[in-house]
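Enquirer: Put chains B and C on the given structure of chain A with help from the hints.
Chains as they are written, first to last, in the working numbering: chain A, 928 to 1152; chain B, 8 to 259; chain C, 45 to 265.
Where hints are given, some of them may not hold.
Covered stretches of chain C (chain A as the covering partner; in silico rule of three or more C-beta atoms under 8 Å from a C-beta of chain A) [what the hints assert, rightly or not]: (1) 106-115; (2) 125-133.
Here are the in silico distance ranges between beta carbons for each label pair [stated by the list, open to error]: (3) B:Leu26 - C:Leu56: 56 to 64 Å; (4) A:Ser956 - B:Leu35: 46 to 54 Å; (5) C:Arg261 - A:Arg992: 14 to 22 Å; (6) B:Leu117 - C:Arg201: 32 to 40 Å; (7) B:Tyr42 - C:Glu87: 48 to 56 Å; (8) B:Leu26 - C:Ala236: 48 to 56 Å; (9) A:Ala1111 - B:Val172: 48 to 56 Å; (10) B:Trp127 - C:Leu239: 26 to 34 Å; (11) A:Val958 - C:Leu151: 48 to 56 Å; (12) C:Arg92 - B:Val207: 50 to 58 Å.
For the record, the hints were derived by calculation from the structure and aren't laboratory data.
Quick reminder that beta carbons are idealized off the backbone N, C-alpha and C, glycines included.
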Amino acid sequence: MTGIAGAVALVAEDLACRRGERLIFTGVSLVLAPGGALVLTGANGSGKSSLLRLLATLLAPEAGRILWGGAPIGDDIAAYRAHLAYVGHRDAIKPALSVRETLGFWAAMRGAARPAIDAALAAFGLEAIADWPCGWLSAGQRRRLALARLVATPTPLWLLDEPSAALDADGEARLAVTIASHRAAGGHIIVATHQATAVPGASELRLGDFAPTASDSPDDPLAAY
Amino acid sequence: MLSRLANPARFMRLSGAVLPLLTAAAALVLLIGFYLALFVAPPDYQQGESVRIMFVHVPAAWLALLVYLLVAVASAVALVWRHPLAAIAAQAAAPLGAAFTLVCLVTGSLWGRPMWGTWWVWDARLTSVLVLFFLYLGYIALANAFDDPGRGGRAASMLALVGVVNLPIIKFSVDWWNTLHQAGSVFRIGGPTIDSSMLVPLLIMACGYLLLFSTLLLVRMRTALNERKARALQLATAPAASAPPHASPVPR
Amino acid sequence: MSAHLGLLRRELLLAWRQGGEIGLALGFFVLAVVLFPLGVGPEAEILRRIGAGIIWVAALLAAVLSLDRLFAADHGDGGLDLLALSAMPLEGVVIVKCAAHWVTTGLPVVVLSPFLAMLLNMDTAEMPVLALGLLLGTPALSLLGAIAAALTLGARRPGVLSSLLVLPLYLPVLIFGAGAVEAGVGSTGARAHLLLLGALSLAALPLAPLATAAALRQALD
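The following block holds chain A by itself, in its conformation from the complex (with noise of 0.2 Å):
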């Protein structure tokens, strides 16, 4: 069972992340436990969508790793991806499918047995548009039913890029009460955004205090020469 109950403490040691040929960070370590918020913000390019990524188990880190209730994620990397999820700058959302059959297809993706749809659809108001086909709906809504998933299966770990990206001030709000009863119900999560204020009580980690230094491996190490 993967509900909010298997919240444990996430810790990540010394990541750094290579993409192409360039050293984005180095150094990146920190500690999540049950209940807590991380949000981390940076300039563009300064790596917080590869962070999370990462985090997600989408990327490989050059270096560093990934704890999960003390244990390597590497050891079991299905568990770890059980109690995750994740919602990324892009929505997933096929235009022939409808809103409720969306919902229940990723609910199927992730083994549930019983999905909470219903409480997703009403959780984020998409329930008046919940047999709409997704080609009619506007970037907001889609938005909204990218962070439906969330609610109807349950994970204690979510990593959120950009969440508010495209929603309205209603959007917003559900999310915030959302993520609220998420952290009361012990989970955790962190959240890539430019607004440091998004989540209330929640640490900052500033990605552009990690950027590579002159005295770091250099961004090639065929080029080290």
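Expert: Relative to chain A, chains B and C alone:
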């Protein structure tokens, strides 16, 4: 041993030292090989002097296959052990291998012309080499199809492994196809047996090709490393990602 | 298991609702076959002689054209990330997507082949071997094509590039498939060819998803 060669500085030093010798050896062996092929080896009683094309054609086929295997091995090393120079070696070798296949195809065509009056014959070897040519082209195209050259290198490495696994299957099916569609005479390029008077020049030419390949490979690898160094220097002098105007200095 | 079925259901649902896409590939298949009498001349003898080869080549080309439906859409809209994080291993995702691809591309080709064989004046005795060969060989086309489709995600000109990459891999299927029809009317019989075709598809079933999943992981970066 592999890890000791991973250091680009060491590679540049070693290759720089070895290169002049290699070039000289390649030139020498090729010269001897051509001399033997053109003047010493006897003409074939069926084909006359035109059999001498074989000494260019057959070793080219051998090298074409050998280089593809090399590319596959280098790709495996690059993917599994992340050896940085392996990817460079694979991508440097591929166009050379493609060139050998092209030499083989062209000389095969030239060889066939006086014999059968056609510019091309679909025998098993020529067809297999033609397919190999397309495998090379695919590899080169894939490696260069991405904006991020590292991504292209990794994709191409996977393709090389897929190709090398499929190569025996393709060869088998082409041989099968060839026996089904026998074009009349049972003709095997190179004759039913190869006499030692022909074998020695063949082997020497093959050696010469191998030395030539090694020379060109080292040159291409050195060029590739120099290009990456130039690019890295360029990136280093570019201004860093602009900090917000009001920011305090980034703590070091 | 429910995740596999859920993905299969979605793939088939999308193919059904966006039905124009399948129709395009099949339309191309028919058109490619029709081109040959126009190019080669309508003499019945010639067409009968080359009919099996024409249909097989057209099947290959139709398969190649439809490869971009496999992963490109999910790669573009961020669905690939979520599939990688789902309860299914990526290899399972690949197998299900190939199965859906085969149902929507390979199976219609098998069904259409007797009619196209009639267009090309082929013997009715040849049609079962042709259809059976296509039935056994088209799964390999989907599986091998998935490798090329995954390798070219994010590349420039992925459609043309994956065609160049995959057609050499398709050669054994083509040779045995077309050869089966020719051998079927000859003295040797088509059994060996058909067995080889089946073997190719069976061999591709575990191996191609491994390579494809590895390529997909690269594309996630």
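Enquirer: All hints are to be evaluated individually against the structure, with a verdict given for each.
Expert: For each hint, the structure was consulted:
1. 106-115: Coverage by chain A is violated for the segment 106-115 of chain C (0 residues, Cβ < 8 Å).
2. 125-133: holds (count 9)
3. B:Leu26 - C:Leu56: 56 to 64 Å: Holds - the Cβ-Cβ distance for leucine 26 (chain B) and leucine 56 (chain C), about 59 Å, lies within 56 to 64 Å.
4. A:Ser956 - B:Leu35: 46 to 54 Å: 59 Å Cβ-Cβ, so the 46 to 54 Å window is violated.
5. C:Arg261 - A:Arg992: 14 to 22 Å: holds (19 Å)
6. B:Leu117 - C:Arg201: 32 to 40 Å: holds (34 Å)
7. B:Tyr42 - C:Glu87: 48 to 56 Å: holds (54 Å)
8. B:Leu26 - C:Ala236: 48 to 56 Å: holds (52 Å)
9. A:Ala1111 - B:Val172: 48 to 56 Å: Since alanine 1111 (chain A) and valine 172 (chain B) have Cβ atoms about 54 Å apart, the given range 48 to 56 Å holds.
10. B:Trp127 - C:Leu239: 26 to 34 Å: holds (32 Å)
11. A:Val958 - C:Leu151: 48 to 56 Å: For valine 958 (chain A) and leucine 151 (chain C) the Cβ distance comes to about 53 Å; the hint holds.
12. C:Arg92 - B:Val207: 50 to 58 Å: holds (51 Å)
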